[in-house]
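Peer 1: One letter stands for each residue in the lines below.
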Amino acid sequence: MKAFAQLFLSLDETNKTNEKVRILKDYFNSVPDTDKMHMLALFTGRSPKRQINSTLFRTWAIETLHLPAWLFEESYHVVGDLAETIALLFPQNTAQTSSKTLTEWIAEINALSTYTEEDKKHWLQYSWSILDTQERFVFNKLMTGSFRVGVSQNLVVKAVADIANLDTNVLTHRIMGSWKPEDYTFAQLIQPKQDSEDISRPYPFFLAYPIQETSTVQKSVEELQTALGDASEWQAEWKWDGIRAQLIKRDGQLFIWSRGEDLSTDKFPELHPFMKNLPDGTVLDGEILSFRNGLPLPFNVLQTRIGRKNLTKKILEDSPVSLIAYDCLEFNGEDIRNKTQTERREILEGLHQDNAYPEIFNISPLITFSSWDELSEIRGQSREMIAEGIMLKRKNATYQVGRRRGDWWKWKIDPLSIDAVMIYAQKGHGRRADLYTDYTFAVWDGDKLVPFAKAYSGLTDAEINKVDYFVKRNTLEKFGPVRTVKPELVFEIGFEGINKSSRHKSGVALRFPRILRWRHDKPKEEADSIETLKALLGDNI
Amino acid sequence: MALHLRHSLQHTDWDMKQVIPNGSYNTMPKKPLLEFTDRGIYCAKGKFYIDPWKPVDDAVITHAHADHAYVGHKHYLAHYLSRDVLYYRLGDINLQTVEYGETVMKNGVEITLFPAGHVIGSAQIRVVSQGEIWVVSGDYKTEDDGVCAPFEPVKCHHFISECTFGMPVYQWKPQVQLFDDMNNWWRHNLENNLATVVVGYSLGKAQRIIQNLDLLNGNIYTHGVIENTNEALRRNGVVLNPTHRITQDSVKEDVRKGIIIAPPSAVGSPWMRKFQPYSFGYCSGWMAIRGAKRRRAADRGFVLSDHADWNGLISAIDATSCESVYLTHGYTASFSRYLSDIGFDAHEVHTLYGGEEEGVEALPQPSPEDREQDFKVSPTGRDLEGASFSEAKGGIV
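Residue numbers (the working numbering), protein chains in the order written: chain S, 1 to 541; chain G, 1 to 397.
The hints are simulated quantities; they were obtained by calculation from the structure and are not laboratory data.
Treat the hints with care, since some could be wrong.
Under the rule of at most 20 Å between Cα atoms (straight-line distance), these lysine to aspartate or glutamate pairs were calculated in the DMTMM-like manner [as the list claims (entries may be wrong)]:
id, chain 1, residue 1, chain 2, residue 2
1, S, 522, S, 419
2, S, 2, G, 180
3, S, 410, S, 198
4, G, 106, G, 57
5, G, 106, G, 84
6, S, 522, S, 445
7, G, 54, G, 38
8, S, 276, S, 222
9, S, 412, S, 377
10, S, 49, S, 108
11, S, 410, S, 531
12, S, 16, G, 299
13, G, 106, G, 58
14, S, 2, G, 181
15, G, 173, S, 132
16, S, 25, G, 191
17, G, 173, S, 13
18, S, 395, S, 230
19, S, 466, S, 445
20, S, 16, G, 191
21, S, 267, S, 233
Which bits of chain G does chain S cover? Going by a derived footprint, with three or more residues having C-beta under 8 Å, they are [as the list claims (entries may be wrong)]:
id, region
22, 234-242
23, 277-290
24, 294-300
25, 336-345
Ideal placement from N, C-alpha and C gives every residue a C-beta, glycine not left out.
Start from the sequences, fold in the hints, and give me the full structure.
Peer 2: See below:
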């Protein structure tokens, strides 16, 4: 655990990529293989199952610390992270601390499932007492399942690839899927040739790079021509707004992976018949969407069924899903990612033609266009198509790994926007701890301000400091961590979509709201009204 | 326009308190010996102010940081080790200096200075009249840093305290561990051909670092702002380790082999970029929190503060055996609530200008110490590590 805590600290202390890779390699070269696999699991989002829920964790910490609960809460708001707060609140440990390895700690954590509550508590209190502040912090992160590091999976893969002298794409593929650090060894991971492939293992997703535009600066046709070359080299499709997924059929078994690398085969039973109808050794890439009468439904319809443990008959009726397939990655058991876009598309179309469920297995239609000018015009219809914009794929491109510039681009339509007044503020987390960075915005409903969205990104650090300064001097009321501030500051809020909502006071729910800019030029009276906001709902009701 | 004193928890205010018959207050005059005004802490009987922020006739200064020592007063009283820094920062002022423990009488009121352990020349001010004893802490720390006279608890009835780090998440490690880390980091940088830049406040942090570096590693090089303060201290008789001012004529490769001490304003400046590639360390109590550390984008954060940590504050307040404690800046709301919980009579001193328990983010202020701060890089008032009246400053100007 000491080495792991030190790894975490060292990674925190640099923002240089090469330095991070060096630190990761040093770690791999100094710990036992089982620790390496546990570290890889943690760094790729495979945390151990949470054994003590956060309420108990918090309660036991407060009890052990002999602190008033309110002071614990205040401390949490200063630090902005539960694991770190608890780590800091305990006295500095000057005695010799525990020398257990990461593997031993995780084994102990997993063994908790058989403990009584009282035993769990004693184990936790003892554990806190034998760790120093930095180790306690990492330990708390493991316990609370909120393990996130400032290192991308790509960097971790690069470090392992360097050590094992393997290709990063091969390694990226090998660490995907549902392996457990207990039964996947480092030797297996880095062997030159994989002997038995896990049949559920998905391929890394290829992600598009955004064509950067703001609400005021649009890309001209000439710019597109310069950046992308001739329009005839490109394939265009609508950018659908659903759940990006990979569908696998191997050895007669079905697997559905969402982009967050969750195995969600059981969440989409409607897709199983068509998948069974596919030939063995097929992997499709596509978007899962809710459909009705051949038209995609807004994302929030699909959202209602994500996260549900049980799919009731009603849910299946209200938000039935189908697939819009984009690509084929494996055909007849062969990895075809190195074939060109056009070749893969032909194979995909063939699979589609042979399938008995064309209403569930759709393929993303290609947009016919002959010039950037024409495509730019077609893009204007995105909203009617219930699409987010357009996807551009180079016809001779292979299927690559991760977000890469060059061959896949997403060209989204302008975000919707509205001018709103800030009325509540709350402190941020992580890098923004102890600063007021999370704001709630309101629009006018007659002479009242109705809150309609919370947003926290989009301001520069300098602007955040100014808003923080304003909040601290213009607080009207405090409700726990939330402050009601004098309505005065106006911001332009952008969002991707808007839907009717009975759960929100304003009657609408926004998708991906964010701050586009601070409207210093607008007094609060000139902010938009609820009618303007509702007008954006359009037919989307 | 008096500042408001708020009794935390109980809903009595200061004025009420004075008329309630109470054992400990029976013998007190109607007016307390010290009061909080819009110019600073005031002693009406002795006709003097402590750390006033607007021009007054008679000012007693706890220490030479810009937020405590303002220009424009007719007469100053301070510890003699603050003398040359005050002259350097405030120009030709009418200054009287005293030693710790030496008493000065003003209109029948006794004034005595005691070590605050904050920076060289920093003092707590004890004010006594007719048996009523007040102590104004200014800024203080309880750990002996080996550079300035260590904090000395002073018995009093009323203690006016800072609480910059008045939250239990702030617990300092002994400085010896910190300087071990710093010296190891310097060696590591030397091995990797990186220059080493340590960023810290020019009065206090800089000297503490200078006195604790391992000179076997190499020479100490200083930014002009820091060397000016060092020179003022040397004129004042303070003995510091040898330092070399970085000038046009400095040989870059020599400087890169030493350690560079720079003020926060130098971070990211062309001056600092000359020494690339470098690793830069930021010294501040705020570095205890990961979020604050990441905001600063320093390569290394050293949790080094000239203020008392949570345990230091509580032990210092406890050691005064005071009847009441007044908290001027820092996490005043939560800290006074906690003190009340554990049985102290604690008050928050609120100004009319925001009264913020966590310390309002100070916007740039045109005073010499503030000019040292680079607000683009370190925009929070907290970097001023002792910006006690930063809220008031902002409000009045």
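Peer 1: Now, for every hint given, state plainly whether the structure supports it.
Peer 2: How the hints compare with the structure:
Under the criterion of a C-alpha separation no larger than 20 Å, the hint pairing residue 522 of chain S with residue 419 of chain S is consistent with the structure, at around 9 Å. As the CA atoms of residue 2 of chain S and residue 180 of chain G are separated by approximately 19 Å, the hinted pair is consistent with the 20 Å bound. Under the criterion of a C-alpha separation no larger than 20 Å, the hint pairing residue 410 of chain S with residue 198 of chain S is inconsistent with the structure, at around 32 Å. Annotation: proposed proximity of residue 106 of chain G to residue 57 of chain G holds, straight-line Cα distance about 13 Å (limit 20 Å).
Between residue 106 of chain G and residue 84 of chain G the alpha-carbon distance is near 24 Å, which puts this suggested pair outside the 20 Å criterion. Restraint check for residue 522 of chain S and residue 445 of chain S: the C-alpha separation of about 18 Å stays at or below 20 Å, so the hint holds. Our distance criterion of 20 Å between C-alpha atoms is met by residue 54 of chain G and residue 38 of chain G, whose separation comes to about 8 Å. For the given pair, residue 276 of chain S sits about 47 Å from residue 222 of chain S by alpha-carbon distance, which is inconsistent with the 20 Å threshold.
Simply put, residue 412 of chain S and residue 377 of chain S have alpha-carbon atoms about 13 Å apart, close enough for the 20 Å limit, and the pair holds. The straight-line distance between the Cα atoms of residue 49 of chain S and residue 108 of chain S is roughly 12 Å, inside the 20 Å bound, and the hint therefore holds. Our distance criterion of 20 Å between C-alpha atoms is broken by residue 410 of chain S and residue 531 of chain S, whose separation comes to about 32 Å. Between residue 16 of chain S and residue 299 of chain G the alpha-carbon distance is near 9 Å, which keeps this suggested pair within the 20 Å criterion.
Annotation: proposed proximity of residue 106 of chain G to residue 58 of chain G holds, straight-line Cα distance about 10 Å (limit 20 Å). Restraint check: the Cα-Cα separation between residue 2 of chain S and residue 181 of chain G comes to about 17 Å, which is no more than 20 Å; the hinted pair holds. A hinted pair counts as satisfied when its Cα atoms are at most 20 Å apart, and residue 173 of chain G with residue 132 of chain S qualifies at roughly 12 Å. The hinted pair formed by residue 25 of chain S and residue 191 of chain G meets the criterion: a straight-line CA distance of about 19 Å does not exceed 20 Å.
For the hint pairing residue 173 of chain G with residue 13 of chain S, the CA-to-CA distance comes to about 19 Å; that is within 20 Å, so the pair holds. The hinted pair formed by residue 395 of chain S and residue 230 of chain S meets the criterion: a straight-line CA distance of about 11 Å does not exceed 20 Å. Using a Cα cut-off of 20 Å, the hinted pair residue 466 of chain S and residue 445 of chain S is violated, with the two alpha carbons roughly 28 Å apart. With a C-alpha separation of about 18 Å, the suggested pair residue 16 of chain S and residue 191 of chain G falls inside the 20 Å cut-off, and the hint holds.
About 38 Å separates the Cα atoms of residue 267 of chain S and residue 233 of chain S, which puts this hinted pair outside 20 Å; it is violated. Given a C-beta distance limit of less than 8 Å, the hint that chain S covers the region 234-242 of chain G is violated, as 0 residues qualify and 3 are needed. Coverage of the region 277-290 of chain G by chain S holds [criterion: at least 3 residues with CB-CB distance below 8 Å; count 3]. A count of 5 residues in the region 294-300 of chain G with a Cβ less than 8 Å from any Cβ of chain S is obtained; the coverage claim is therefore met, three being the minimum.
Against chain S, the region 336-345 of chain G contributes 3 residues with a C-beta closer than 8 Å to a partner C-beta. That satisfies the three-residue criterion, and the hint holds.
Figure legend: structure checked against the earlier numbered hints; hints not met, in rising order: 3, 5, 8, 11, 19, 21, 22.
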